[in-house]
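Chemist: If you want the building blocks of each chain, they are given just below.
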Amino acid sequence: MAERAFRFGRARHLVGIAGLPAAARGAVGVIVLNTGLMHRVGPFRLHVDLTRRLNALGYPTLRFDLSTMGDSGASAEAGSREQQIRADVSAAAALLAGQAGCTRFVLVGLCRGAQSAHIACSEAGVAGAIFLDGYIYRTFGFKLRHYLPRLLSPARWHGFLARKLREAMVPEEEVSFGSVYPPRAQVRDELAGMLARGLRLCFVYSGGIGEQLNHPRQFRECYGRGVADHPALRMDLLDGTDHTYTLLCDRERLFGHVEGWLLEQFPPAG
Amino acid sequence: MGMYHGVAGHAPVGMLLCPPLGQMLLRTHRIYRQLASGLAARGIGVLRFDYRGTGDSAGDSLALDWQHCLADIRSAAAELRVRSGCATVVGFGAQLGGSLALAAASAAGFARLILWDPVLDGARHVAELDAGQEALRTDPQHYTKPRSAEEAAGQWLGFPVSAQWRAQLAGWRAEPVRAPTLILDSRPEPAGGWSPLDEAGARVLTMQASTDWGDLHRLEHAILAPDLLRVVGEALEQAA
Numbered sequence: 003m004a005e006r007a008f009r010f011g012r013a014r015h016l017v018g019i020a021g022l023p024a025a026a027r028g029a030v031g032v033i034v035l036n037t038g039l040m041h042r043v044g045p046f047r048l049h050v051d052l053t054r055r056l057n058a059l060g061y062p063t064l065r066f067d068l069s070t071m072g073d074s075g076a077s078a079e080a081g082s083r084e085q086q087i088r089a090d091v092s093a094a095a096a097l098l099a100g101q102a103g104c105t106r107f108v109l110v111g112l113c114r115g116a117q118s119a120h121i122a123c124s125e126a127g128v129a130g131a132i133f134l135d136g137y138i139y140r141t142f143g144f145k146l147r148h149y150l151p152r153l154l155s156p157a158r159w160h161g162f163l164a165r166k167l168r169e170a171m172v173p174e175e176e177v178s179f180g181s182v183y184p185p186r187a188q189v190r191d192e193l194a195g196m197l198a199r200g201l202r203l204c205f206v207y208s209g210g211i212g213e214q215l216n217h218p219r220q221f222r223e224c225y226g227r228g229v230a231d232h233p234a235l236r237m238d239l240l241d242g243t244d245h246t247y248t249l250l251c252d253r254e255r256l257f258g259h260v261e262g263w264l265l266e267q268f269p270p271a272g
Numbered sequence: 211m212g213m214y215h216g217v218a219g220h221a222p223v224g225m226l227l228c229p230p231l232g233q234m235l236l237r238t239h240r241i242y243r244q245l246a247s248g249l250a251a252r253g254i255g256v257l258r259f260d261y262r263g264t265g266d267s268a269g270d271s272l273a274l275d276w277q278h279c280l281a282d283i284r285s286a287a288a289e290l291r292v293r294s295g296c297a298t299v300v301g302f303g304a305q306l307g308g309s310l311a312l313a314a315a316s317a318a319g320f321a322r323l324i325l326w327d328p329v330l331d332g333a334r335h336v337a338e339l340d341a342g343q344e345a346l347r348t349d350p351q352h353y354t355k356p357r358s359a360e361e362a363a364g365q366w367l368g369f370p371v372s373a374q375w376r377a378q379l380a381g382w383r384a385e386p387v388r389a390p391t392l393i394l395d396s397r398p399e400p401a402g403g404w405s406p407l408d409e410a411g412a413r414v415l416t417m418q419a420s421t422d423w424g425d426l427h428r429l430e431h432a433i434l435a436p437d438l439l440r441v442v443g444e445a446l447e448q449a450a
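If you're matching them up, the sequences are chains A and B in order. Residues in the first sequence are numbered from 3 upward in steps of one, following the working numbering. Residues in the second sequence are numbered from 211 upward in steps of one, following the working numbering.
So that you can see chain A by itself, here it is in the shape it has in the complex (with noise of 0.2 Å):
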């Protein structure tokens, strides 16, 4: 298996390694985004590790940089964040098209990677997507979850109380660089214009963002019957794991997971 490196893009300002197996013409190739602000190494070499993996599979595959992140630069064209996602993927798949004759592609991203893949989604010969920590809303269950056992502990209402004199004595320091989640109806029609449109669609969570989701049943509260129980659609929650995989248990079972969904929804080549 090599892996090559390459300057892409419409201003070559695009950086990313290639990962082609010898006998990969024409299998899916998979596209692994940024994590966060992290360049296309991903945290604790998470992508390294998993395009690696997926070649031994079959499955070619590009880590790379969107631009102004990591070693890439700008393309100096005007444009929207979105539009800017969606022409770096589409160099991507372009580059994977040449370089392996691939023809679908499947976008793989964690947290803000999961944002990009979303929005990337719309671009030509994108197949499926999995997301790592993808958008998830906070529904009346998950407040019913998670307020209902704290109001009846007494433990829980020092720690909170104990937590709350602690903001007001201390300012608030950190600049906050969160995304803005768009409206939880237009990520549901997305996410239902993806699959009639044929996409297959992995959603992993991790047990990380227990802050925001704290139960499977969540998806379906959150985005309906109509695309959590699409037959195209797969939801698991890595319950006990951290957002990023820290621990090389944890991190063996997510890749377990997607390569598992991979071997499944689009067998390799050959």
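Incorrect hints may appear among the rest.
[To be verified] DSS-like, lysine-lysine: derived pairs with alpha carbons at most 27 Å apart:
| # | chain 1 | residue 1 | chain 2 | residue 2 |
| --- | --- | --- | --- | --- |
| 1 | A | Lys145 | B | Lys355 |
| 2 | B | Lys355 | A | Lys166 |
| 3 | A | Lys145 | A | Lys166 |
Everything labelled a hint here was simulated from the structure, so no lab data went into it.
Following the hints, position chain B against chain A.
Modeler: Just chain B, lined up with the frame of chain A:
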């Protein structure tokens, strides 16, 4: 895998950026890139790279090896000389990257060294990494329930650790080198001197902004050092 930041024509001076290891390599990626671009704009040829088994380079994380890292620094320094045409190569490294630059200084032919919070005592660093891993597995911001010691064994903050790597790192003890050495100190609190380098004449410069390398809750946050380019640039100008 490496990236060369070239200059127009011949670069009289080159700088090799030796990355730190583990998550620090990822956390310093952006500041290394900014430093490389800034220095290249000042006419210095800069090469940054990943050791085998790290970053984008070939090899498994578990195969990390001290001697291989030193060999990679020698290869990278040779590559920098070929690409830039420079006669003088300065070695730069943060944390364990500084330790490796120091250990490879003579073999790589570094004319001078700039070390940013280098690790000088491997045994103490191993103890800190062990403590960090223990704190991680019981940290409520990472896990709702503490993870077992077995699940967290053989790793340091997200990366597998072989018995060989552990022993190599524990055995590291810095020794002064001939090359003039500048230590950039950005530790949040005064933590003693930089023995034995300062005793041997290394210059120590305190950075304006402090860097908390070991903060468990900032494992995925980029390291920021707004004055790094200025400090390094001035140090190179003074040396010229």
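Chemist: Provide an ascending list of the numbers of those earlier hints which the structure does not satisfy.
Modeler: none
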